[in-house]
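S.K.: Please build the complex by placing chain B on the supplied structure of chain A, with the hints as guidance.
If you're matching them up, the sequences are chains A and B in order.
For what it's worth, our numbering labels the leading residue of the first sequence as -11, then goes sequentially.
For what it's worth, our numbering labels the leading residue of the second sequence as 4, then goes sequentially.
No wet-lab data here; the hints were simulated from the structure.
Derived DSBU-like pairs (lysine-lysine); straight-line CA-CA distance at most 35 Å:
id	chain 1	residue 1	chain 2	residue 2
1	A	K45	B	K50
2	B	K41	A	K43
3	A	K45	A	K151
4	A	K279	B	K47
5	B	K223	A	K111
6	B	K98	B	K181
7	B	K41	A	K273
8	B	K223	A	K104
9	A	K279	B	K46
10	A	K43	B	K181
11	B	K223	A	K128
12	A	K271	B	K50
13	A	K43	A	K26
14	B	K41	A	K279
15	A	K45	B	K41
16	B	K47	A	K0
17	B	K46	A	K271
18	A	K43	A	K4
19	A	K279	A	K43
20	B	K46	A	K43
21	A	K43	B	K50
22	A	K43	B	K47
23	A	K271	B	K47
24	B	K50	A	K279
25	A	K0	B	K181
26	B	K47	A	K45
27	A	K273	B	K50
28	A	K128	A	K111
29	A	K271	B	K41
30	B	K46	A	K273
31	B	K46	A	K45
32	B	K223	A	K151
33	B	K47	A	K273
34	A	K10	A	K(-10)
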Amino acid sequence: MKHYEVEILDAKTKDKLCFLDKVEPNATIGEIKSMFHKSHPQWYPARQSIRLDPKGKSLKDEDVLQHLPVGTTATFYFRDLGAQISWVTVFLTEYTGPLVLYLMFYFRVSFIYAPKYDFTTSKHWVVHLACMCHSFHFMKRLLETLFVHRFSHGTMPLRNIFKNCTYYWGFAAWMAYYVNHPLYTPPIYGEQQIRLALIIFLFCQIGNFSIHIALRNLRPPGSKTRKIPYPTKNPFTWIFLLVSCPNYTYELGAWFGFTLMTQCLPVAFFTLVGFIQMTVWAKGKHRSYLKEFRDYPPLRSPILPFIL
Amino acid sequence: CLHRLDQWFSNGAGMDDPAAPLPTSPSCHEEDGTVEEKENNNKKRTKGAVATAWLTFYNIAMTAGWLVLAMAMMRFYIQKGTHKGLYRSIARTLKFFQTFALLEVGHCALGIVRTSVIVTGVQVCSRIFMVWFVTNSIRQIQNEESVILFLVVWTMTEITRYSYYTFNLLHHLPYFIKWARYNLFIVLYPLGVAGELLTIYAALPFVRRSGMYSMRLPNKYNVSFDYYYCLIVFMLSYIPLFPQLFFHMLRQRRRVLHGEVIVEKDD
Chain A
-11 MKHYEVEILD
-1 AKTKDKLCFL
9 DKVEPNATIG
19 EIKSMFHKSH
29 PQWYPARQSI
39 RLDPKGKSLK
49 DEDVLQHLPV
59 GTTATFYFRD
69 LGAQISWVTV
79 FLTEYTGPLV
89 LYLMFYFRVS
99 FIYAPKYDFT
109 TSKHWVVHLA
119 CMCHSFHFMK
129 RLLETLFVHR
139 FSHGTMPLRN
149 IFKNCTYYWG
159 FAAWMAYYVN
169 HPLYTPPIYG
179 EQQIRLALII
189 FLFCQIGNFS
199 IHIALRNLRP
209 PGSKTRKIPY
219 PTKNPFTWIF
229 LLVSCPNYTY
239 ELGAWFGFTL
249 MTQCLPVAFF
259 TLVGFIQMTV
269 WAKGKHRSYL
279 KEFRDYPPLR
289 SPILPFIL
Chain B
4 CLHRLDQWFS
14 NGAGMDDPAA
24 PLPTSPSCHE
34 EDGTVEEKEN
44 NNKKRTKGAV
54 ATAWLTFYNI
64 AMTAGWLVLA
74 MAMMRFYIQK
84 GTHKGLYRSI
94 ARTLKFFQTF
104 ALLEVGHCAL
114 GIVRTSVIVT
124 GVQVCSRIFM
134 VWFVTNSIRQ
144 IQNEESVILF
154 LVVWTMTEIT
164 RYSYYTFNLL
174 HHLPYFIKWA
184 RYNLFIVLYP
194 LGVAGELLTI
204 YAALPFVRRS
214 GMYSMRLPNK
224 YNVSFDYYYC
234 LIVFMLSYIP
244 LFPQLFFHML
254 RQRRRVLHGE
264 VIVEKDD
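For reference, chain A alone in the conformation it holds in the complex (with noise of 0.2 Å):
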């Protein structure tokens, strides 16, 4: 079996970092990241870039030596991508802020209004209802991220977490201040708003749970293959027919029962703005859907049926 080397080069400055000789030609990307952290341990495999070209896009892990273009030398170049936390360290810290600085609000915490209003109730049984549903809403989301998610990737640049809890831990803490206020307005049409918010609320929130356990089912444990999303026997799926990212879809619907629920301008504005976020990845996904299969479905739409 004629053996490999293999010479790792910095991107940017095309300095020589690494050599290595006698590597198998089955050797993956994965292996020759472990084979170079231990010539620099402080380049973790997570946040090395390895690619063929300077400017070039990244190799995968799974990808084999003796299966890429290069010849018995092979010749790639390293990119540090930064100090990189896992997913699932990111989705805890960012949902567990919000479930718990909602409820400091909800109990009316010391400091937060007037002293004479400390840990006492809102008197709108609407805002006992929004703290359920809230509450439940993060719980889902740190429990699937726990017990249902399959992440394509297993770590994401460090600085995100700082700008993702700011996002999360600011939004939950500005809607939490107006909803939970002593001087909070009920909803103008009542009673009818409030199931009404909550009807459309729990369907959405059984429609993003659907989704979500599809999307797991598509692909089995430990693998990242990927696969076109299809209707199974629940209905709350069938709307894959229409969309690529339904999981978005139910997440707007979810936060639209919210805003109609509470009233609040602030949860209105959390809306819209996850709405463009979720947008921007929804076509982005879809995007990719049509590039890596040729009988993509396409009556599809990236989050909105016919719409968007």
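M.R.: Same frame as chain A, now just chain B:
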């Protein structure tokens, strides 16, 4: 080649020399292209020519506008001997030309100017905010010295900047304009910031007293807004933003005047 043209016309995130319009005829080798490719090339060349013509007109107009402002300010001061009432006399012209600058965000978004949309957006928005939401709405501070300070700074900066762009587009840039653009800012930028911050600070008590632009609880939207604290946050935002913009200009200066190649931090 067409791929490169596409990149030039799409949104560039590079923080390069602003207002340099993209070249209209690429120096690349074209093989025997199809009729469609040649038509596409012609369309892109026309687009480039139109963009250049528009930008030239725009920059000449803005240079003229700020020159008019400068002369009006000088004439007022020479005739009246005081700065009291100066703002009122030039308010309309200032609002017109400063608001018109919103177009520059569009130029970046369309890709006909190779500057970051965000950098331009932040700068133009802070100007618009000062003009419309501070000096225009809070009449009591219109005669403050700090207002004159930032007006003078803005005028000098804009005349230099727009004439630089104009001469650049006409491919006839006198060195002293280039020198002015990349050196005066070192003094003008901090002075302008000082003028703006002092003005907002002077306005605070009047905002507090009048409760303008503010909304209190309870209301059916379940939201509140305090313009007083909004202004304070706005002032605090200068702390992270001003150094970034200033050092961006310093990097540009090193590159343009001394031909140094600065390796930007990759995102």
